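Chemist: Start from the sequences, fold in the hints, and give me the full structure.
In UniProt numbering, the protein residues as written are 1 to 331.
Since the hints were derived computationally from the structure, they do not count as laboratory data. All of these numbers come straight from a predicted model, not from anything done at the bench. Ideal placement from N, C-alpha and C gives every residue a C-beta, glycine not left out. Careful, some of the hints might be misleading.
[As the list claims (entries may be wrong)] Restricting the straight-line Cα-Cα distance to at most 20 Å, the calculated cross-link-like pairs of lysine to any residue (SDA-like) are:
id : residue 1 : residue 2
1  : K250      : E274
2  : K147      : L32
3  : K147      : H163
4  : K304      : D294
5  : K137      : V107
6  : K250      : R271
7  : K147      : D296
8  : K137      : E149
9  : K304      : S282
[To be verified] What follows is a list of derived Cβ distance ranges for each label pair:
id : residue 1 : residue 2 : range
10 : A78       : R196      : 26 to 36 Å
11 : L139      : P233      : 37 to 47 Å
12 : G246      : E63       : 43 to 53 Å
13 : P233      : A16       : 44 to 54 Å
14 : G98       : V279      : 27 to 37 Å
15 : D324      : L143      : 38 to 48 Å
16 : P15       : P142      : 20 to 30 Å
17 : D87       : Q323      : 35 to 45 Å
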Amino acid sequence: MLEDRTTAASAAPWPAAYPQGYAVVDVETTGLARDDRIVSAAVYRLDARGEVEDHWYTTVNPERDPGPVWIHGLTSEALEGAPLFPDIAEEFATRLDGRVLVAHNAVFDWSMIAREYARAEREAPVRQRLCTIALSKELGLPLANHKLESLAAHFGVVQRRAHHALDDARVLAEAFRPSLHAAARDGVRLPLLECRPLTEWTDRSAPPIGRQASGGGYGSYRPGSWRPSRKRPACPYPNPGRYEPGRPLKQGMRVAFSGDTSVERELLEDRAVEAGLHVATSLSRLTSLLVTNDPDSGTSKAVKARQFGTPVVDEAAFGQLLQDVEPASKA
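Modeler: Shown next as structure tokens:
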């Protein structure tokens, strides 16, 4: 049945607005924090209709503790002779250039890649990304959850080595192709998001590379980061209450963010703070506004926003609102 539907989609006029090529990517990392490093990367290049053109894989020496070895299987010994990221940056770039980056939870893979290029004082040649989680939601796929293994099982794709970058990229490429054809058949607009390269990297405050973490878990080692690490000061303005659609934001409003964004989350939060807003890490009845590009998602913040009736706007609308934030009321 799936093959018949894919064939029918192939025979139908292909949407002219769809991209001309894709780079299906998976990276394994030392952890989840913004100063963690890539330990392996894989790219499957696909043509406009999702057919595989070639694939590429490399390990990468992270110059630090490899983190969760029990997940990615790459020990310090295995990575000792691997190339550094600057050594593979050019080859990686040729695999990405001119293509839409496709990944499962794409904001994570893109963020890790962008930071590695920023460290190498280069820019990743990626201008758009597509998250297969977002695409599966657009297609209304009946998945139990949004794990890669569930998406693979839905399309009958067999995983051989979970959390190995090359096999994860292969699995995703094989699941993306029928997803792409289903979207083309049904006239679905692909959930493409803009990728903005990072240009603010600094590691001047980082300790020497030799200072390793004692643990091996996610986020156990904190050298520098792509931006100066700091704790934001408390918002000096009282919370004026909820945002009212059609009116401007007001200094002191509590704003929460959820889901994938085209602008790096840290930058969005910084802009909100600079405008006099309070950035909330969780959502409560006191939250003035939730910013999300996927209000129907199952994230805890989106669920609570629906439960509490919290106003919701997307990233683009929030950007417009930030241009004219009303001053706080004088005491």
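Chemist: Falls inside 26 to 36 Å, the C-beta gap from A78 to R196?
Modeler: Since the Cβ atoms of A78 and R196 sit about 33 Å apart, the hinted range of 26 to 36 Å holds.
Chemist: Would you mind confirming whether the straight-line C-alpha gap from K147 to L32 stays at or under 20 Å?
Modeler: holds, 17 Å
Chemist: Does the Cβ distance between G246 and E63 fall inside 43 to 53 Å?
Modeler: holds, 51 Å
Chemist: Given a hinted range of 44 to 54 Å, is it respected by the beta-carbon distance of P233 and A16?
Modeler: For P233 and A16 the Cβ distance comes to about 50 Å; the hint holds.
Chemist: In this structure, is the beta-carbon distance linking D324 and L143 contained in 38 to 48 Å?
Modeler: holds, 41 Å
Chemist: Can the restraint linking K147 and H163 be considered satisfied, given a maximum Cα separation of 20 Å?
Modeler: holds, 12 Å
Chemist: Under the criterion that the straight-line Cα-Cα distance not exceed 20 Å, is the pair K304, S282 satisfied?
Modeler: Distance of about 10 Å is within 20 Å: holds.
Chemist: Taking 20 to 30 Å as the stated bounds, is the beta-carbon spacing between P15 and P142 within them?
Modeler: holds, 24 Å
Chemist: Evaluate the given range 35 to 45 Å for the C-beta pair formed by D87 and Q323.
Modeler: This hint holds: roughly 43 Å between Cβ atoms.
Chemist: Would you check the hint for K137 and V107, treating anything up to 20 Å between C-alpha atoms as holding?
Modeler: Holds, at about 16 Å.
Chemist: Is the straight-line distance between the alpha-carbon of K250 and that of E274 20 Å or less?
Modeler: holds, 12 Å
Chemist: Could you grab the alpha-carbon distance between K304 and D294 and see if it respects the 20 Å cut-off?
Modeler: Holds, at roughly 14 Å.
Of the numbered hints stated above, none is contradicted by the structure.
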